[in-house]
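Each of the two chains sits in its own frame; use the hints to bring them together as a complex.
Respectively, the protein sequence lines represent chains A and B. Quick note on our numbering: the first sequence kicks off at 1 and runs consecutively. Quick note on our numbering: the second sequence kicks off at 1 and runs consecutively.
Since the hints were derived computationally from the structure, they do not count as laboratory data. Because the structure is a prediction, the values reported are computed rather than measured. Be careful, since some hints might not be right.
[Claimed, not checked] So, partial list: chain B residues that the calculated Cβ filter (under 10 Å) puts toward chain A: (1) Arg-122; (2) Val-177; (3) Asp-303; (4) Val-477; (5) Met-494; (6) Leu-497.
Even glycine gets a Cβ: it sits at the ideal position worked out from N, Cα and C.
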Amino acid sequence: MRRIISMLLENEPGELSRVAGLFSARAYNIESLTVAVTEDPTMSRLTLVTKGDDAHIEQILKQINKLIAVVKVVDLSANPHIERELILIKVIAKGNSQRDEIKRLVDIFEAEIIGVTDSTYTVQMTGDADQTDSFISAIQIAEIVELARSGVTGISRGKKGLKG
Amino acid sequence: MELTGAEIVVQSLHDEGVEFVFGYPGGAALHIYDAIYNHEHINHILTRHEQGATHAADGYSRSTGKTGVVLVTSGPGATNAVTGIATAYMDSIPMVVITGQVPTALIGYDSFQEADVVGITRPCVKHNFLVKNVNNLAETIKKAFHVAETGRPGPVLVDVPKDITAQKAHYHYPDDVTIRSYQPKIKGNDRQIKKGLEMLQAAKRPIIYVGGGAVLANAAEELTHFVRDTGLPITQTLMGLGAYPAPDSQFIGMLGMHGTYEANMAMHEADLIFAIGARFDDRVTGDLNKFAPSAKVVQIDIDPASIGKNRKADVPIVGDVKVVLTQMIEAAKQLPDYDPKQTEDWWKTIKQWQSLDSLGFELDDKLIKPQQVVKDLYEVTGGDAFVTSDVGQHQMWAAQYYHFKEPRKWINSGGLGTMGFGLPAAMGVQFGNPDADVACITGDGSILMCIQELATCLQYGMPVKVLCLNNRYLGMVRQWQEFFYERRYSHTYMDSLPDFVKLTESFGHVGMRVENPADVKGALQEAFALKDRLVFMDIVTDQSENVFPMIPSGAGHAEMTMRPDKLNSPKGAA
Ligand SMILES: Cc1ncc(C[n+]2csc(CCOP(=O)(O)OP(=O)(O)O)c2C)c(N)n1
Ligand SMILES: [Mg+2]
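Extracted from the complex, chain B is given alone in its bound form (with noise of 0.2 Å):
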């Protein structure tokens, strides 16, 4: 069949199952949009900027585990996805950005919305192609699936200049493809699983220490199988957060950061840090020199760069989370059971340390205090919402009250922490999850960032939930001035904030702003009874409100600063 390059490249999408491509159109994309057009299958979601674009099929993406597609156009339309494309690599989702280019001919010369988008993308993206040969456009596209998708996935990029979307080639979508120097590792080492067993096994106060790699790799069954089997306490990463039921017993809450007193503690004192599908991320450790000093370390990754980069592994092991943690379900029925009794003592410290309640806050008659609205909304939505955040004291908020019970429901950008991701994410959480409770927790600052989606969200119909954690204030720097800059507020007050009401009734939505601590659940109920419409809180909260418990940075596990009533700790919190 002869096809023109930008019927390849749509029916190539097509032939790859791909359900949407959420994109922008312009000159250099021209024929690719027109193919599209013609094209009776293909759904193309026309967003409002192409940050927005990258962002909906994040979530898309994450909430589905499906690779999210992108189309833009050259120049600036590459330019604006640039930021969704960073955020994605941060995450380590797959994902494949198909950007026009100028023709060939033109390339090198400066000419019209001309950007050497492979050369800008080179550092935030998996690979990126630069299409020179219609013939190979195709089997490019299939490449570009497989390497977002296998081993660490990624966004992977593939630029298409305009000449040759026009020329004809014969089409053939390959079923599959292999890259010589491309082959990551699935399977682990079974000497090396044995060995983490055994030291498992042998330790005194382990810890199972869970990253969003657990979530990536589909993992949550096996490993919610092992840890049980263990007994073993279990912390997950701001990534990490729903591959183990937060509701469970064994689970003491996130670390890091803004992780809960019982968890770092226990990081802090183990002699045993089984990390699965986590990379000891500077947010996470806190000051290396003091991270867990007595600690031996068990890694599973499927990045062997990731094993050892910031805190040395003493048993590595490369491959696939869900084949490892399957090898090691197995492996262990061949060692003798594992003794409960051991970790007895292990297990009061941490008890103790969990009745000092670090996430414990006051209510109030008058403000609205954000940890509740949190909590309201896990009780509204049965915990079952797919939750979406921006990047702030909201998002901290969000995965320290949300008890995440399930995998891929928790979204946001830990790695690049993208202000703006919020709600262009949750409208394709929408999109791969129609019929979803899908909340977006945002802030006054971050929502300002992405806000022209409340437009495509109207066009498709896309009943999204936004709460907006109405602060006046970009919060989390305002709470480090208020720490570490003796509360000098440089440029942190919201000053002239638009009405949202307004706003978001002018964009064809229903706005409700809550000023009531009263008033909060009520509301709630009533934003998720209007199944079929996008629901905009304005949630007036209480300004003075902190994320607590808090490692200031430079500092380490054991000196967490906590809220103000939290001082009178078992065990010495600073």
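Isolated chain A (complex conformation) (with noise of 0.2 Å):
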């Protein structure tokens, strides 16, 4: 199953990477990965996104817990939460009516169109995993010349905050 975990280190140089390293060494896979620094700059927050089994995820979570770095660490995906993602995506867009099919899917999934050249455009869109999904398959009406996704990001829905 799905997951994404949410923490926050000690935003100091390497920790990053003992959490990485972490994910290596026990070959627990990593689909996507986010860091910045939060509103309290000494710690940083990353999120995660990995598959496994209740089991799994538990033995993941104890891990990344005993790394000293770590401040906190949740499951975000098992408690009600929102999700998103950023894409960024270049298309080959010629010709009127291929620019105009472009900015009706464009329309459609409330993206957006945030660079334009004479053959391409380039279009902006955040969404959860099942949005950014299915905007990236609904666009290869379009021939993709690259794709960036910012990974997933996240935060618990409710009153509650990670720290507290």
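Right, here's the structure in full:
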């Protein structure tokens, strides 16, 4: 099962590699990983997507928790949460009819064209995994030049934050 | 007080109460070595290899319960220490390793003797630090000790660039530190404890399974009390030996790959496994799918990640083993008395398994049996010696036949299985226990991996007794080749062994060769009578001996291979 694991870790050089190293050393897979500093400059927030059954995820969480630099870790996907990923996609867009068709798709998915050349569009889109996946498959009516994804980040629903 | 970084390192170690620093100097550590030279109190032990320094600090720690301290230089000094750090990591030994590093401005430029030591050691330390500001140095060292010693212990490395050791800062060594992201859980959950006890009381075929965690937590007393109160059978892992006194009748031997028939059968047939500081390691469980098919599991461990990792725990209890056992002893008073009748049948079955005498072996007139050497050692030392070992058959015989009565007396590399560990570890044990008998049971292969430490032993007068069970083979590997590779002994014959007696003598110690079974005991007595000398006993043993019982890899506990003469087992041992 797909899981979104989010953690706060000390914002020090090298701490990210402890998390990444743990995943490679124990042969856990990482589908995506995002990390950036939080409102508290001493802490970073790292969110990663992995796959596994309950026992596997439990072990991953425990191992992450063991890292001295990790202040807090949760399986976001275990509770109501919001996830978002930003994708940037450059597609061939030539001729009016193709350009119109792409624009219609962009409207339907509430995406945005943020870059234009005489032969391409660059489209920005945000959404959860389902939305981004279906947009990527839909947009393939045009030829994709390149695709960049930010990786998933997320936050829990409700009043509580990860810290407290 | 203003001190240089180098002085801060040394003064911090002193203020931490460090008795010994095991180390080896080099360029990036020169300032620190200069500060040691000028310091009145710090006791630095110069080993002959950085691996030796780490194993010595490790042996010192295992035998005393204190944290081992290592100091080495950058680059090759640090990489040489890695094997010892990984060894300590796998067995959860508290250790602080201070490594010199090239000056901050040279980091990242492939400078002379530069290695990314924080990167290299990351997967084999509990935590590591690169010090970038001399003002944080003392606190970082305090944090290193704090992390190494608390929770599940382990090695912590502090990498100190040379320029930092030259800069000055106000010195203050904190009494205490807190790390917001690190708060190990010490006390067990009372509800879980009660649940665990109730399950133990209800069980018909319970077994207590104890690992190294009980030794590390200094829980032997509580464990012995708890186990005696229940009257239940207890087995210990290779790392747990000594936590509970082996000569006691409730102890049914070590379990696992070379465990006793009764211990492994009892695990296999148990309806409840009560695990205390043990992690269901693969050398213990054999094939997990065949392991203890009808048992429920209660598991006590300080490391939540060790609980349920390999085998699901029905009742997980996170906490310090000593604290949790104390809670258990208290909680048990609230429960009805344990009825020993309940396990009468179970004990009957176990006694039947024991009657097979799975560790029995036959003596020979001409060839020295390695098992007998260990038994004789036990007698000559009254079972009170510290025994270190290397890795191989001799290690298993030491574990099987030296019936450890106390914790911290059996010192071996169980997790990583590091050949070369035995001699430097014995040296470290002797530093921590200057008046005790310290024996190193080793093999002709292993001893050569850190033989240089004989020089350290001479310099500091460490009267270790080395028992080299010399079978002219990498015996444990040869055993596997005999059983599983149709006797194709690929690169396991030890051709061109040195004359160990002469070798020892050239190091300034006493060498002995023992070739006759009749001479073993006398030679041991003679060696141990030489109180202030290191004696190296080259004991020429039967080359064909194998370690039994054995659970071949991929097999289950009920599928042990027994000594060929033990085939008529009471309950169909394979
Ligand atoms: C550093 C290292 N290299 C290789 C091994 C693999 N190994 C395990 S036991 C063994 C043989 C040890 O031979 P010896 O020390 O003579 O002991 P014996 O088994 O003969 O008693 C080897 C090579 C190891 N454990 N450690
Ligand atoms: Mg050998």
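Verification of the supplied hints:
no.: 1; hint: Arg-122; in the structure: holds (6 Å)
no.: 2; hint: Val-177; in the structure: violated (12 Å)
no.: 3; hint: Asp-303; in the structure: holds (7 Å)
no.: 4; hint: Val-477; in the structure: violated (26 Å)
no.: 5; hint: Met-494; in the structure: violated (34 Å)
no.: 6; hint: Leu-497; in the structure: violated (37 Å)
When held up to the earlier numbered hints, the structure conflicts with 2, 4, 5, 6 and fits the remainder.
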